[in-house]
Each structure stands twice: as structure tokens, then as C-alpha cells.
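Undergrad: Please model the complete structure; the sequences and the hints are all you need to start from.
Residue numbering for the sequence shown follows my numbering, starting at 4 and increasing by one per position.
Don't read these hints as lab results, they were simulated from the structure.
Computed Cβ-Cβ distance ranges for the label pairs, DEER-style:
id, residue 1, residue 2, range
1, Ile352, Pro56, 35 to 41 Å
2, Ile352, Met301, 25 to 31 Å
3, Phe153, Ala395, 30 to 36 Å
4, Asn122, Phe153, 31 to 37 Å
5, Gln347, Asp128, 28 to 34 Å
6, Thr193, Thr317, 42 to 48 Å
7, Phe354, Glu135, 33 to 39 Å
8, Ser24, Asp80, 18 to 24 Å
9, Asp261, Arg143, 38 to 44 Å
10, Ser202, Ser24, 30 to 36 Å
11, Ser24, Gly191, 36 to 42 Å
12, Ser392, Asn75, 46 to 52 Å
In silico lysine to aspartate or glutamate, EDC-like type, Cα no more than 16 Å apart, as pairs:
id, residue 1, residue 2
13, Lys51, Glu250
14, Lys388, Asp366
15, Lys197, Glu155
16, Lys69, Asp80
17, Lys262, Asp232
18, Lys296, Asp366
19, Lys262, Glu229
For every residue, glycine included, the Cβ atom is placed at its ideal position computed from N, Cα and C.
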Amino acid sequence: MKQTLLAIGCLFVAGNAAASSAGEYMAKISDCVACHTTEGGAPMAGGKKFSTPIGDIYATNITPDKTFGIGNYSYEDFEKAVRQGIAKDGHPLYPAMPYPSYAKMTDQDIRALYDYFMNEVPAADTKNKDNEIPLLLSARWPLHVWNWLFVEETAPENKTGQPTDLLARGAYLVEGPGHCGACHTPRGVTMQEKGYDASSAEYLTGAMIEGWYAPSLRNISMSRDELKDLLRMGRSQHDALSGPMSEVVTQSTQYLTDKDLDAIAFYLLNFNHKNGVPVAADGAIVYAPTDGKTLYSMYCSTCHGDDGKGKDFTVPSLVNNTVVNAKDPSSLISVVYQGAETPQTHGNISFKMPAYKEVMSDDEMTNVVNYVRGTWGNGAPQATKDEVSAIAK
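TA: Printed below as a string of C-alpha cells:
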């Protein structure tokens with residue numbers, strides 16, 4: 004009886020979680036709520052802090068409140084803010100908002116977003132927080148120059164209609180509203196993404212974000228169906244997501260239609276440029292510190308298995324795993340140090356991996372990380388104790 008009630012409950016949640024309008028669907032694809040909602044705050048009312056090289060920036064209230072939100076924005080004001088990063092009063096927005104990606108969005112989708120925010124999002128009279136940026140760096144006029152250098156004006160013919168070809172639709176979702184490059188593309192000295200579409204050799208080649216390494220999306224070694232599962236549920240038969248990407252699944256990608264998931268997976272798997280770490284012959288041990296093997300047997304093998312293959316759809320495999328084989332070990336170190344939790348999605352319960360920061364020393368953590376990165380055919384570069392210590396600070 005309990006199982007039946009639980010199943011009915013999951014179906015009820017799933018049914019209510021679905022987007023009810025084109026604008027709400029586009030807001031979920033664009034992941035607006037993740038950035039513009041702080042813990043315990045009203046949806047879209049802002050207040051979430053983002054630490055940047057120039058200081059702390061707080062997301063603004065984008066509810067239709069006329070005092071603190073965007074209730075006085077016309078469609079033209081809204082379109083200029085979303086595509087060009089220019090607020091109604093003319094001041095430039097910080098590019099912590101991914102408007103260089105949103106510039107690619109069609110008129111149809113921008114209009115749907117505007118209608119959604121003005122008519123479906125509840126107004127919240129939440130006052131915006133002041134950014135915490137040193138006075139010498141707080142001037143906004145240089146952002147006009149930044150926009151001129153790095154924000155491309157979308158050609159008029161690209162602003163209308165919807166891409167229908169599978170590859171074109173995938174490119175639109177990834178490069179535009181999905182703004183995947185905001186995390187997965189390295190940035191230059193002025194914090195601009197080094198590429199905004201597939202024409203750039205550096206686009207989606209991996210980058211550091213909030214102490215995690217967002218891996219390259221140009222070397223995904225899984226089937227289209229498995230990648231779709233990962234985006235829909237946060238886990239697949241052999242893999243699982245954690246860290247910042249867990250929130251993306253919870254707030255955004257779990258709501259994508261199967262057709263759009265298929266388009267995204269098709270587009271990402273279509274890259275012919277590989278930027279990953281070479282993988283040795285299956286089962287080979289490239290290097291295996293003895294201490295690391297012992298530690299793995301003590302703390303990791305119960306769930307991940309002696310062969311590192313985990314348990315299908317429950318515990319991710321460590322064999323040929325994207326995070327394990329990333330050129331930067333920060334994400335793997337973070338998982339071991341602070342633990343991890345897969346996304347909670349409708350119809351799927353999350354699972355947790357414990358933190359080992361109180362159990363292992365920096366030396367021991369370095370050894371177990373290197374054991375995993377150098378065993379079962381994994382051939383990622385060895386992590387250093389300094390890299391582990393940097394995460395542990």
C-alpha cells in the first residue's frame with residue numbers, strides 16, 4: 004500500500020513539475036530560478052551571491068514588482084536587458100548574467116519569457132542587495148567596452164522562427180538559452196568566454212567554476228540515451244552528476260522534453276574535436292599508489308566495487324568517468340573531500356556519498372584520488388598534494 008501511495012505521489016509531483024507555458028519552459032531551459040532565487044527567498048526575487056574576481060555580485064529581483072523588480076519594463080526594455088545586458092535605466096549589467104549567450108535567442112522565445120515573467124511569476128517586494136565591489140572596480144562604464152568587444156549582435160534572420168533540424172536545435176539550446184559555455188568554456192583575462200559557439204576551438208573545452216572543474220563536453224564517451232538520462236535524472240547507468248551541475252539538473256534540464264534532450268545530446272556528441280585525456284587499454288593500471296589502493300578498498304569499494312564499475316543507475320562507475328578523467332582533478336577532489344549528492348528529480352530519489360575530509364589526511368586523499376585516476380584504464384594526470392590542500396582550505 005505504501006509503495007502504491009509513493010508511486011501516485013511521484014506521478015503527482017511529476018505532473019505538477021511540468022512547465023505550463025512556453026515562457027515557463029524557456030525560463031527552465033535558461034535556468035533563471037537557479038541564479039535569481041536565494042535559499043528561503045521568493046522565486047526570482049534575487050539575492051543570491053556570486054563571488055567574482057572583482058567582488059561579490061548579488062542577483063537582482065526579476066519578478067514583476069514595480070518597485071524592486073522589472074514590473075515597469077516594456078518588452079523592448081526586457082529584450083535589451085536579456086540580449087544586450089543593458090538595464091531599463093541604461094546601466095550595463097555585469098556579465099555574470101550570460102546575456103552573450105541569450106543574444107542568440109529567438110524573438111519568439113524572448114517574447115514568451117517576457118509574457119511569463121509579467122503574467123505568471125508572482126511579484127515580490129524584495130529589495131535588491133548592493134554589490135560588494137571595491138570602489139575602484141565598481142565603475143560600470145568599462146562594461147560598455149566589454150560588450151562592444153565580446154557580445155555579438157544576433158543577425159535579424161536568426162532572431163525569428165525556431166530551429167527544426169536536430170543538430171540546429173541542439174546548437175541553439177546549448178549555445179543560447181542553455182548557456183552551457185558559461186561554465187564549460189575557459190575564460191580570458193577580462194573574464195570573457197573564449198568562444199561562444201562550435202566555431203571556436205576552445206568552446207566547451209572545460210573550465211574551473213566555484214572550485215569545481217566543469218569538464219570538456221567535446222569528449223563525452225557515452226551513448227546518446229545515457230547522456231539524456233544524465234541530463235534528465237542526474238544519473239545514468241554508469242555515471243552521476245554532483246556539485247553545481249546537480250542544481251542545473253534539479254532546476255533546469257529535468258524539465259526538458261525528450262525531443263530537446265535528444266537534440267542537445269546529438270549536438271554534444273557530434274563534436275569531432277577531442278580534448279580529453281587519453282584512456283589506456285581497458286583494465287590497465289597506468290599508476291597505482293599502494294596506499295591509494297588500500298584506502299580505496301577501505302572506503303570506496305563497498306559502493307563502487309573492486310572493479311570501479313559501481314552499480315547501474317545508483318552508484319556511478321569510475322571507469323572512463325568524465326570527472327575522474329578530467330585534466331583538472333578539482334571536481335574529483337571536491338567530491339572526495341566534501342561528499343556529493345545527486346539531483347532530486349521528479350520520480351527519482353537522490354543518493355549521497357559521504358565526505359572524507361575528517362577521515363583522510365591530504366596525503367591520503369591525494370593517494371586515493373590518484374589511484375582512481377590511474378586504474379581500470381583511466382589515464383588522467385596525477386593530482387598533487389597542493390591541489391588537494393587548495394580544495395581543503
